[in-house]
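Student: Read off the chains here:
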Amino acid sequence: MTYHDLKANRRQVLVSVSAGGLTLGFSLAGKAQAQDDAVRPLNAYVSVAPNGIVTITAKNPEVGQGIKTMLPMLIAEELDVAWEDVRIVQADNDPKAFGRQFAGGSMATPLHWDELRRVGAVARAMLIQAAATAWNCGPADCVTAPGEVIHKPSGKKRSYGSLALACASVTPPDPKSLTLKDPKTYRIIGKPMAQYDVEKIVTGQPLFGIDQVRPGMLYASIVKAPVFGAKVASADVEAAKAVKGVKKVIVIDGDPNGLFPTGNIGQGLLPSVAVVADSWWAAKKGRDRLNVKWADHPTQAQSTKSFAEQAAALNAGAPQRNARNDGDVAAALKASAKTVEAAYSYPFLSHANLEPQNCTAEFKDGKLEIWAPTQNPEPGRQLTARTLGIKPEDITVHMVRGGGGFGRRLANDYMVEAAWVAREAGAPVKLLWTREDDMAHDHYRPGGYHYLKGGVDAQGNLIALQDHFVTFSQNGAIAASAGMPATEFPARFVPNVKYDVSMIPMAIPTGPLRAPGSNALSFVFQSFIDEMAHAAGADPLAFQIKLLGDQAVVGQPPAAFGAGRMRGVLKAAGEMSGWDKRGKLPKGEGMGVACYYSHQGYFAEVAHVAVADDGSVKVKKVWVAADVGHTIINPHGALNQVQGSVLDGVSEALHQQITIDGGAVQQSNFTDYPLMRIAESFPVEVKFLKTEFPPTGLGEPALPPALPAVTNAIFAATGKRIRSLPITPDMLKA
Amino acid sequence: MAYTLNVNGKALSADVEGDTPLLWVLRDTLGMVGTKYGCGVAACGACTVHVDGQAMRSCQIPVESIGKAKISTIEGMSKNAVGKKVQAAWMELDVAQCGYCQAGQIMSATALLAKTPKPTDAQIDEAMNGNICRCATYVRIRAAIKRASGQKEA
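Protein chains in written order, with the working numbering: chain A, 1 to 734; chain B, 1 to 154.
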């Protein structure tokens, strides 16, 4: 729900009074509902109990980004209630009540900063009006302190709890008409708040998708083809059924809409065999005895090696299309004092959520209930309805905490599988993938290849940049998360820029991984800019600042680039890190800088690395300067997101790659897809610059610069340029 | 067959196949879901429990091999003097992001501090390196261990 929706619907702000007290919310429903004479708690965000406890509904799914805590902080602040008196409940998927509910794009902060503060302000105004009526005075005579309304002239007080019932006869004000608090008076926003569920987490209480239990529930394991979309040729169903505890074996043909070559691969129900048992271990044992043979499938010809060969071949020919052509790159390259030519590449990546994909589903009386650790519940409900041939309104999706999101759970393949299996099994079912299932059936970050040329003039200005980006297509269109904007930096800051694109046909499910696009493009472009700085004989940080010019903003929304904000974070990162003293570092050590704008956030990062003779890389520290606007809503969560993003990015750079052979993913577990561990972790010092801009999100934008900051530091330490990921010791051996 | 297990000081009965890993007995049979499944091959540490005080990966322990060994899980840590301190430090520093690995992290940290009350950074690295945090909250995990052991955090 946007602010504008709120305004349009202000007459539909509903108040409900029950024995429990006041509930109010904002309705996006049409007039028919508004005229319904049974006033009820539609779309409730806030309720106040007689004892003063305020319950706030958290609308978005929680996957570790801290949103279940942060969004209610906005409401509580303007409602003026003590945080200790707030209880938070997780909303179900209910787009009519809450609009879009999703965890993606670091969007929750910019989408809700204004709207949810006004939700709290409306509730506060109603409580004031109720008190004013009781005291027979005007609302202007009243102020609030946390949890109570005070009559200024007399000093009389009424608790929110005692006023809740009287709010039923108060007309809610226009949210836009209300004056929000002076930030100087904030008691909640800007204060470090621990995650609401922290105690449940540290004491092991049921919380996650995998923890869900229903009466009479069975457990399921599901096997899909290693080659994406291959069909079941045969399966030893009887052997699986012979395992003690196995109740049913279900062979699934799959939804043709989700299959190569015509469908959007991996987005729907794939051919598979599910084993349902009275425990997950029994289901897994049964599944291991299925000995499934898979039919041949055209996608089995795919391989990482073949992709690399196709990329080189495409680069040797004319690009398939041009995405940007400013000035005259060929002429500018010729006129350059120095030129650099380089080929960059990066691999496919898996999300590797620590909680493997899972979902619990139950059919009862023609209705389907789902408990899913999804980042994106409504598309899951629609997909499930389409696949099973039932009405969306007969499906309820409960959003349960996800053990990591990173974009993986924007897809809902596990949801439709669980629903299908529960219907076939005739019982509530918890479906749980193995780690190996998870790694073999992700929606991977696509790999890519960039063939770059750059030129600097005699004054050290970057005057020419050319990129031939070889990426992937699916069914003729660019594959999910495999694109590059024509405005990709440093376009618009260099007079002669040519961006060309060619595509390799591919049938592997791809999708957004934390900071999609940016997590790869930052490595390529920020590394190459560093190469150009060195070619110009310039200080890389000074080169970056100079490249950004002297304008505050370049370009128009939605592609405006705050060059002034980026210069600000670059300068701050330089100061924090002691950049100017980097010449004193011992041999084998170096510092690198990178900056990147994504998800409305401006980040500059400096990495300090040490490279040993055996080629191993130790990141010693990273400094982060961030500009995400004037307010850090929850400093606890904000710092955690930034530190985690930086370590996550470095983990990708140092370790991670998914390779394909014979059409199948070769990695299977954390043994061959390693994630960073504590011994490799390092301090991350963070500074948030407070600028005049409204606050934006932190789930993603700290990640992209971390990779090139490290690779640029490796160059400073060794003189060796990392142009493909992941970094291996072979690349850096002395 | 029926096995009697000593879990968090209580005798609990589970009628399961002998090869069932302790992880699944805890989660599916005994309803103690705090111990988490992450990899099934002892590579992530999400399923860490204590067996006679030793931090072990419960995905690798067949129930038939346990016998009279004392099992402690995250659900029992509030009654463990060291475990309680570790949990408190985890809450004070708000260590978790998604939180999925944190039960295993706390079990490993508690086992470490029970033996080594003031661990060095190297000892923390060694004891905690088997526990993956996908959200990479390692900066706070280290700080929380320092805090729980009464040492300076950075």
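Please note: incorrect hints may appear among the correct ones.
[Unchecked claim] Subject to a maximum C-alpha distance of 20 angstroms in a straight line, what follows is the list of computed DMTMM-like cross-link-like pairs (lysine to aspartate or glutamate):
1. A:244 <-> B:19
2. A:620 <-> B:19
3. A:241 <-> B:121
4. B:85 <-> A:685
5. A:241 <-> B:125
6. A:200 <-> B:92
7. A:247 <-> B:125
8. A:244 <-> B:121
9. B:84 <-> A:685
10. A:618 <-> B:125
11. A:618 <-> A:550
12. B:146 <-> A:685
13. A:284 <-> B:121
14. A:618 <-> B:17
15. A:621 <-> B:153
16. B:85 <-> A:197
17. B:146 <-> A:424
18. A:284 <-> B:153
19. A:191 <-> B:92
20. A:621 <-> B:92
21. A:364 <-> A:424
22. A:621 <-> B:17
23. A:244 <-> B:126
24. B:84 <-> A:436
25. A:620 <-> B:125
26. A:620 <-> B:121
27. A:244 <-> B:125
Just so you know, these hints were derived from the structure itself, not from any lab.
Values in this document were obtained by computation on a predicted structure and should not be read as measured data.
Student: Each hint: holds or not?
Tutor: Comparing the hints with the structure gives:
Straight-line distance between C-alpha atoms of residue 244 of chain A and residue 19 of chain B comes to about 12 angstroms, which keeps the hinted pair within the 20 angstroms bound. This hinted pair does not check out: residue 620 of chain A and residue 19 of chain B have alpha carbons roughly 44 angstroms apart, beyond 20 angstroms. Annotation: proposed proximity of residue 241 of chain A to residue 121 of chain B is violated, straight-line Cα distance about 51 angstroms (limit 20 angstroms). Straight-line distance between C-alpha atoms of residue 85 of chain B and residue 685 of chain A comes to about 27 angstroms, which puts the hinted pair past the 20 angstroms bound.
Under the criterion of a C-alpha separation no larger than 20 angstroms, the hint pairing residue 241 of chain A with residue 125 of chain B is inconsistent with the structure, at around 45 angstroms. Of the pairs offered as hints, the one joining residue 200 of chain A and residue 92 of chain B holds, with about 14 angstroms between alpha carbons and a cut-off of 20 angstroms not exceeded. Between the alpha carbons of residue 247 of chain A and residue 125 of chain B the distance comes to roughly 45 angstroms, so the proposed pair goes past 20 angstroms and is violated. Using a Cα cut-off of 20 angstroms, the hinted pair residue 244 of chain A and residue 121 of chain B is violated, with the two alpha carbons roughly 47 angstroms apart.
For the proposed pair residue 84 of chain B and residue 685 of chain A, the alpha carbon gap of about 29 angstroms is over 20 angstroms, so the pair is violated. With a C-alpha separation of about 14 angstroms, the suggested pair residue 618 of chain A and residue 125 of chain B falls inside the 20 angstroms cut-off, and the hint holds. At most 20 angstroms may separate the alpha-carbon atoms for a hinted pair to count; residue 618 of chain A and residue 550 of chain A exceed this at roughly 36 angstroms. About 18 angstroms separates the Cα atoms of residue 146 of chain B and residue 685 of chain A, which keeps this hinted pair within 20 angstroms; it holds.
Taken as a hint, the residue 284 of chain A and residue 121 of chain B pair is broken in the structure, with Cα atoms around 39 angstroms apart against an allowance of 20 angstroms. Proposed proximity of residue 618 of chain A and residue 17 of chain B is contradicted: the alpha carbons are some 46 angstroms apart, above 20 angstroms. Restraint check for residue 621 of chain A and residue 153 of chain B: the C-alpha separation of about 16 angstroms stays at or below 20 angstroms, so the hint holds. For the given pair, residue 85 of chain B sits about 18 angstroms from residue 197 of chain A by alpha-carbon distance, which is consistent with the 20 angstroms threshold.
Taking the CA atoms of residue 146 of chain B and residue 424 of chain A, the gap is near 51 angstroms; set against the 20 angstroms cutoff, the hint is violated. Straight-line distance between C-alpha atoms of residue 284 of chain A and residue 153 of chain B comes to about 43 angstroms, which puts the hinted pair past the 20 angstroms bound. For the given pair, residue 191 of chain A sits about 14 angstroms from residue 92 of chain B by alpha-carbon distance, which is consistent with the 20 angstroms threshold. With a CA separation close to 24 angstroms, the supplied pair residue 621 of chain A and residue 92 of chain B exceeds the 20 angstroms bound.
The straight-line distance between the Cα atoms of residue 364 of chain A and residue 424 of chain A is roughly 13 angstroms, inside the 20 angstroms bound, and the hint therefore holds. A C-alpha spacing of about 49 angstroms is found between residue 621 of chain A and residue 17 of chain B, which places the hinted pair above 20 angstroms, so the restraint is violated. Distance hint between residue 244 of chain A and residue 126 of chain B is unfulfilled; the C-alpha atoms sit about 40 angstroms from each other, more than 20 angstroms. Restraint check for residue 84 of chain B and residue 436 of chain A: not satisfied, since their Cα atoms lie roughly 34 angstroms apart, outside the 20 angstroms limit.
Of the pairs offered as hints, the one joining residue 620 of chain A and residue 125 of chain B holds, with about 15 angstroms between alpha carbons and a cut-off of 20 angstroms not exceeded. For the hint linking residue 620 of chain A to residue 121 of chain B, the alpha-carbon distance of about 14 angstroms falls within 20 angstroms, and the restraint holds. For the hint linking residue 244 of chain A to residue 125 of chain B, the alpha-carbon distance of about 42 angstroms lies beyond 20 angstroms, and the restraint is violated.
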